[in-house]
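Put chain W on the given structure of chain P with help from the hints.
If you read the sequences in order, they're chains P and W.
Mapping to our numbering: the first sequence position 304 is 304, numbers consecutive.
To get our numbering, take the position in the second sequence, counting from 1, and add 1000.
Hints are computed from structural coordinates only; laboratory data are not their basis.
There's no promise every hint is true.
To be verified - Which stretches of chain P does chain W cover? Using the computed rule of at least three CB atoms under 8 Å from a CB of chain W, they are:
| # | stretch |
| --- | --- |
| 1 | 16–29 |
| 2 | 84–96 |
| 3 | 121–132 |
| 4 | 151–164 |
| 5 | 289–303 |
Because the structure is a prediction, the values reported are computed rather than measured.
Quick reminder that beta carbons are idealized off the backbone N, C-alpha and C, glycines included.
2 protein chains.
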Amino acid sequence: MNRHIGKQTVVFEKPPIIRGAAAIGGVKEGKGPLFEYFDTVLADDKWGEDTWEKAESKLQKEAAVMAIKKANLTKYDIDFILAGDLLNQCVGAHYGMRSLGIPFFGLYGACSTMIEGMAIGAMLVAGDCAQNIAATTSSHFCAAEKQFRLPLEYGGQRTPTSQWTVTGAGSAVISNVGKGPKITCVTAGRIVDMGISDLNNMGAAMAPAAADTLCRHFKDCGTSPEDYDLILTGDLGAVGGDILSELMKGEDNDIRERYNDCGRMIFDAKEQDVHSGGSGCGCCASVLCGYVYRMLTEKKYKNILVAATGALMNPQMINSGETIPAIAHAIVIKA
Amino acid sequence: MNRHIGKQTVVFEKPPIIRGAAAIGGVKEGKGPLFEYFDTVLADDKWGEDTWEKAESKLQKEAAVMAIKKANLTKYDIDFILAGDLLNQCVGAHYGMRSLGIPFFGLYGACSTMIEGMAIGAMLVAGDCAQNIAATTSSHFCAAEKQFRLPLEYGGQRTPTSQWTVTGAGSAVISNVGKGPKITCVTAGRIVDMGISDLNNMGAAMAPAAADTLCRHFKDCGTSPEDYDLILTGDLGAVGGDILSELMKGEDNDIRERYNDCGRMIFDAKEQDVHSGGSGCGCCASVLCGYVYRMLTEKKYKNILVAATGALMNPQMINSGETIPAIAHAIVIKA
Chain P
1 MNRHIGKQTV VFEKPPIIRG AAAIGGVKEG KGPLFEYFDT VLADDKWGED
51 TWEKAESKLQ KEAAVMAIKK ANLTKYDIDF ILAGDLLNQC VGAHYGMRSL
101 GIPFFGLYGA CSTMIEGMAI GAMLVAGDCA QNIAATTSSH FCAAEKQFRL
151 PLEYGGQRTP TSQWTVTGAG SAVISNVGKG PKITCVTAGR IVDMGISDLN
201 NMGAAMAPAA ADTLCRHFKD CGTSPEDYDL ILTGDLGAVG GDILSELMKG
251 EDNDIRERYN DCGRMIFDAK EQDVHSGGSG CGCCASVLCG YVYRMLTEKK
301 YKNILVAATG ALMNPQMINS GETIPAIAHA IVIKA
Chain W
1001 MNRHIGKQTV VFEKPPIIRG AAAIGGVKEG KGPLFEYFDT VLADDKWGED
1051 TWEKAESKLQ KEAAVMAIKK ANLTKYDIDF ILAGDLLNQC VGAHYGMRSL
1101 GIPFFGLYGA CSTMIEGMAI GAMLVAGDCA QNIAATTSSH FCAAEKQFRL
1151 PLEYGGQRTP TSQWTVTGAG SAVISNVGKG PKITCVTAGR IVDMGISDLN
1201 NMGAAMAPAA ADTLCRHFKD CGTSPEDYDL ILTGDLGAVG GDILSELMKG
1251 EDNDIRERYN DCGRMIFDAK EQDVHSGGSG CGCCASVLCG YVYRMLTEKK
1301 YKNILVAATG ALMNPQMINS GETIPAIAHA IVIKA
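With the rest of the complex left out, here is chain P (with noise of 0.2 Å):
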């Protein structure tokens, strides 16, 4: 029996397997120091399609096929597809998924998806309620800034705090059988908001939902950081990053000596003139599906525990006054 411990983890008593994974990165995230762990570069952000938002569906879609197909399955085999994205109405998961007919789940969390769709993926498998799951997510750098920023065309300044909306995708495929490394244990996030109003700077606003999630999980599990060799976050980048240890430090829970993050991992942040770091959904996705999960695969990581961090904003909310809440689910995988 799976066993829901302390306030907000499920201990799994038979642990899903990530039976396949997949990432795709954009030219930008080619160029970075993660390139060869893309399962594909694209050499033009538009993918052949006429706007960015199509181009986002594609990255989905695309992923989630090959993941599908690392696991050594069809889409016949997969019960149900957690997908999202930023876009408005998660449009890219929507289209993207439009033409595979798999019974569909839409999730938003922000840059938090990806772990949202695997921890919610990996407790349907573990509860006997579906056989394979994916869960899939993108971001396009060109979308977000015109959806939550300014046009692109504008060229404004950007902030030594901004961070680059990474665009990528990633799918994995979780199942009940198969070879793989595992999910053992979820620690779903609660929303935490403590008052930060900059839409360039969502490091900071989402490091307390990270660090709330981080210190719950330990309690929960009775574990410490050390009993991890990577502690790992979706996208705080440079800044967010820095917060959070200084977070964790002040809770006892010292994690620097095996923390990143996503976002300062994916882009060389002085030659590529990122600022903070990456971010975006498709952040976490692809460097956790590519990068991360090879790495898994050949048991150079054991046993990580990885949070996704979102921010729960939209740009009129802001403009109303509101300020930023966040969210970071947490998964724990072993090799």
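Just chain W now, with coordinates in the frame of chain P:
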């Protein structure tokens, strides 16, 4: 053990219980035929807030708080809350749930969100991953018109096929113990797009998705329409409901004798000038958690099949030449 049967259906070994439910209606909804079944009816659709979006957040929070209370639980008993809405980046749910501190999973299923949340929530409970969950959603006429169609101030003429987005919210608490109607089975929907692109004819866009899910449900379960005393759709309205009835007849599943639609039930179409009927996440949510839940607890309905439909586009995708993908998720509830 829960069983995944047929292609899209999960049958529960120990059916989760809808232990409490609460519904809120807006001003217009409070003048409709179901007024006495709402727990709260608004006197003013801004409900003391300074924007419609903040009012929608409050709708969602208050519905959840009431449902948890009616289930004789506290917020500390709720393992996960699953919520979403139509607003860009689902801010109704995020700002509404921010102060509750309950572990949160954000969903986007457009007007299918209520049943999507109840379906996933029921699977989490049935799979021993949670003891109590809450599924919550909302919509607000003014916020939805502004975002999806035209500013209200423009005073645009409405087409005969158009539907009126419900101002309202509903929340249901689903548990592994307690008293109440039970969710015996879930049929997850697939994305279906039959080429409709008229934002004022959502019923026509969504009816084929409802037909797909209902036919699949009957096939997976080996049941037929006569096995249910009510077959209810979320918000196809009059136009979409008639299309669904025709489509089902063509598939040898004549549902007309026991079919109704929340969008038809919530308003008096002639007196309240709503054209094809009600729509929005709050339509299915408030009708199901108000009137239908009451009928179930009073055993006036004994075995019902509820399918909520969602249109998964955004205006920008339609403006760039796309059509409307749609989905329908179904659950069976037994008194």
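Structure-based check of all given hints:
no.	hint	verdict
1	16–29	violated (count 0)
2	84–96	holds (count 9)
3	121–132	holds (count 8)
4	151–164	violated (count 0)
5	289–303	violated (count 0)
The structure fails hints 1, 4 and 5 (numbered hints given earlier, in ascending order).
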